[in-house]
Amino acid sequence: MKLIGQILTETCGLVEEALADALKIQEQKGGRIGEILIHQKAISESDLLKALSLQFDLPFVSDLSTGDLNTDFTEKIPIQFLKRYKMVPVLTSNQACVAVNDPLAFQALDDVQLVLGRDGVQTVLAPYSAILSVINFAYDMSQDSAEHVIEGMHEEESDRIISEIEETGDLLDETSDAPIIRLVNLMLSQAVKARASDIHIEPYQNKLKVRYRVDGVLYDKLSPPKRIQSTLVSRIKIMAKLNIAEKRLPQDGRIEIRIADRNVDIRVSTIPTAFGERVVLRLLHKSSVLLRPSDLGMPGEKLEVFDKLIRSAHGIILVTGPTGSGKTTTLYAALSTINSSEINIITVEDPIEYQIDGIAQIQVNPKIDLTFANGLRSIVRQDPDVIFVGEIRDLETAEIAIQSALTGHLVFSTLHTNDASSAVTRLIDMGIEAFLVSSSVIAILAQRLVRVICNNCKVAYTPDEESLRSIGISPERLEGKKIYRGKGCPSCLHTGYMGRMGIFELMILDDAIKSLILKTSDANAIKRKATEHGMISLRQDGAHKVLDGITTIEEVFRITEQ
Numbered sequence: 185m186k187l188i189g190q191i192l193t194e195t196c197g198l199v200e201e202a203l204a205d206a207l208k209i210q211e212q213k214g215g216r217i218g219e220i221l222i223h224q225k226a227i228s229e230s231d232l233l234k235a236l237s238l239q240f241d242l243p244f245v246s247d248l249s250t251g252d253l254n255t256d257f258t259e260k261i262p263i264q265f266l267k268r269y270k271m272v273p274v275l276t277s278n279q280a281c282v283a284v285n286d287p288l289a290f291q292a293l294d295d296v297q298l299v300l301g302r303d304g305v306q307t308v309l310a311p312y313s314a315i316l317s318v319i320n321f322a323y324d325m326s327q328d329s330a331e332h333v334i335e336g337m338h339e340e341e342s343d344r345i346i347s348e349i350e351e352t353g354d355l356l357d358e359t360s361d362a363p364i365i366r367l368v369n370l371m372l373s374q375a376v377k378a379r380a381s382d383i384h385i386e387p388y389q390n391k392l393k394v395r396y397r398v399d400g401v402l403y404d405k406l407s408p409p410k411r412i413q414s415t416l417v418s419r420i421k422i423m424a425k426l427n428i429a430e431k432r433l434p435q436d437g438r439i440e441i442r443i444a445d446r447n448v449d450i451r452v453s454t455i456p457t458a459f460g461e462r463v464v465l466r467l468l469h470k471s472s473v474l475l476r477p478s479d480l481g482m483p484g485e486k487l488e489v490f491d492k493l494i495r496s497a498h499g500i501i502l503v504t505g506p507t508g509s510g511k512t513t514t515l516y517a518a519l520s521t522i523n524s525s526e527i528n529i530i531t532v533e534d535p536i537e538y539q540i541d542g543i544a545q546i547q548v549n550p551k552i553d554l555t556f557a558n559g560l561r562s563i564v565r566q567d568p569d570v571i572f573v574g575e576i577r578d579l580e581t582a583e584i585a586i587q588s589a590l591t592g593h594l595v596f597s598t599l600h601t602n603d604a605s606s607a608v609t610r611l612i613d614m615g616i617e618a619f620l621v622s623s624s625v626i627a628i629l630a631q632r633l634v635r636v637i638c639n640n641c642k643v644a645y646t647p648d649e650e651s652l653r654s655i656g657i658s659p660e661r662l663e664g665k666k667i668y669r670g671k672g673c674p675s676c677l678h679t680g681y682m683g684r685m686g687i688f689e690l691m692i693l694d695d696a697i698k699s700l701i702l703k704t705s706d707a708n709a710i711k712r713k714a715t716e717h718g719m720i721s722l723r724q725d726g727a728h729k730v731l732d733g734i735t736t737i738e739e740v741f742r743i744t745e746q
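One rule links them: number in the working numbering = place in the sequence shown (from 1) + 184.
Read the hints as simulated data drawn from the structure, not as lab findings.
The reader is advised that the hints may include incorrect statements.
No farther apart than 25 Å at their CA atoms in a straight line, the calculated lysine to any residue pairs in the SDA-like style are these [claimed, not checked]:
(1) LYS425 - LYS260
(2) LYS698 - LYS425
(3) LYS642 - VAL401
(4) LYS642 - SER622
(5) LYS260 - ARG442
(6) LYS713 - LYS642
Quick caveat: nothing in here was measured; it's all calculated off a predicted structure.
Please construct the entire structure, taking both the sequences and the accompanying hints into account.
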């Protein structure tokens with residue numbers, strides 16, 4: 185058998201000096217020559233695996249199929265074993281093999297073959313990243329679920345676990361067999377898999393309910409026995425580094441976890457209720473990709489106008505809508521679009537949801553008196569071109585934002601109002617003079633998120649006239665168009681929807697609207713004037729998306745109902 189160094193020299197042009205250096209390191213510190221060469225960056229993992237393939241006469245595959253993977257092995261082999269020995273069974277219609285990263289792990293390979301009861305399964309060499317991807321996929325898709333763990337929990341066992349947790353506080357032991365630990369891990373991984381944004385743990389008199397918020401709607405997911413309530417809450421509180429002995433006061437904390445290849449930041453909030461502590465976990469995906477304005481669902485002509493607005497030299501651009509309507513995402517998309525080395529962008533946020541390269545971001549901290557107003561006051565002294573204030577909550581913040589806009593800065597912020605015209609009323613109600621609003625605010629964007637019809641179960645149907653009228657679609661507009669809805673399928677959790685998209689109402693403060701604001705702060709009058717000047721309302725934008733087959737009549741009506 186040829187030595188690995190010799191094969192590498194022949195196959196990938198390994199330089200003799202690099203091999204000699206690696207042999208010296210091996211002599212001094214031990215280790216395998218291939219791993220030393222990879223560490224020295226003399227060869228790649230792929231080069232080593234191809235050389236080992238020749239040395240051990242084993243096939244090398246660069247990619248592993250997960251299309252119709254048989255995950256039965258997950259019930260027999262612990263995930264830690266496969267990760268430790270860097271191997272995984274891949275049994276699909278296209279492949280039947282055990283993929284290994286280290287061909288010298290004979291004993292572990294024999295054990296896997298024995299457990300599978302398949303002696304004839306071929307052994308192949310594969311990159312560790314490909315093996316890890318299959319391991320994560322298989323255990324994520326495996327049948328073990330939170331429901332099964334709950335069924336397997338016994339009363340005396342849960343009492344024992346809670347006392348152990350309270351005594352030791354030891355918790356991040358992923359290999360633990362304690363059912364409560366497995367239950368919380370499964371709840372979190374299932375929520376990530378279901379694309380949930382929040383997990384609600386709600387105690388009632390005789391029951392405990394767990395609900396997930398998916399695409400803005402809450403769904404009942406689990407009903408654990410009432411007796412594990414304190415155990416479950418304590419486990420989450422320890423993970424979030426909260427005081428498990430304090431059950432009478434609200435508490436806030438955070439957990440950082442990794443599920444497969446996804447980093448998830450979890451905000452934890454607990455409040456005391458009549459039947460025990462209620463817990464809400466907000467899941468923020470750190471690896472989420474920042475969207476561009478074109479990805480948000482804005483129609484072409486509105487997108488062009490918005491793109492010009494966000495490049496203005498000065499003024500305030502407000503985005504309004506209720507909590508969870510995607511306001512911050514829209515403003516992050518705007519900031520990342522205009523972000524360049526020529527301009528200085530500074531933000532003050534609560535919380536910072538995404539880190540953006542090249543932008544200075546300040547986290548609000550009321551405990552040390554770092555409020556939006558104080559943060560904004562300091563930002564102005566930092567020579568910014570663009571300022572993003574997470575939210576205008578009070579008169580002081582509003583006044584500084586308006587002064588900043590009037591002194592040559594472009595200011596982005598959010599407000600909690602139902603539509604664009606109401607934002608003007610809100611600012612004047614806060615105590616801002618009408619002439620200051622009209623001279624500083626250049627545009628107001630109201631938005632909502634509507635659920636998108638699932639492509640896998642999308643079907644056309646004929647709606648009744650009343651439904652069409654409810655969102656302002658006349659029978660004439662329907663000619664040559666099809667209306668769709670989702671039947672429900674496993675990929676959309678039988679909801680008929682997959683993902684969300686924005687609907688928008690963009691009000692530009694032109695001279696006519698500015699003149700009107702000086703006379704009245706009546707939101708209805710301002711809205712009528714804006715509509716006369718071509719503003720498309722939220723419901724009208726939603727109707728366009730229904731006619732384009734993106735969302736349903738029911739969804740637009742639900743979101744835009746006043």
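Against the structure, the hints come out as follows:
1. LYS425 - LYS260: Measuring from Cα to Cα gives roughly 34 Å; hence the hint is violated.
2. LYS698 - LYS425: Between LYS698 and LYS425 the Cα gap is close to 51 Å, so the pair fails against 25 Å, i.e. violated.
3. LYS642 - VAL401: With a Cα-Cα distance of about 19 Å, the restraint between LYS642 and VAL401 holds, given a limit of 25 Å.
4. LYS642 - SER622: violated (45 Å)
5. LYS260 - ARG442: holds (24 Å)
6. LYS713 - LYS642: violated (39 Å)
Against the hints set out earlier in the document, violations occur for numbers 1, 2, 4, 6.
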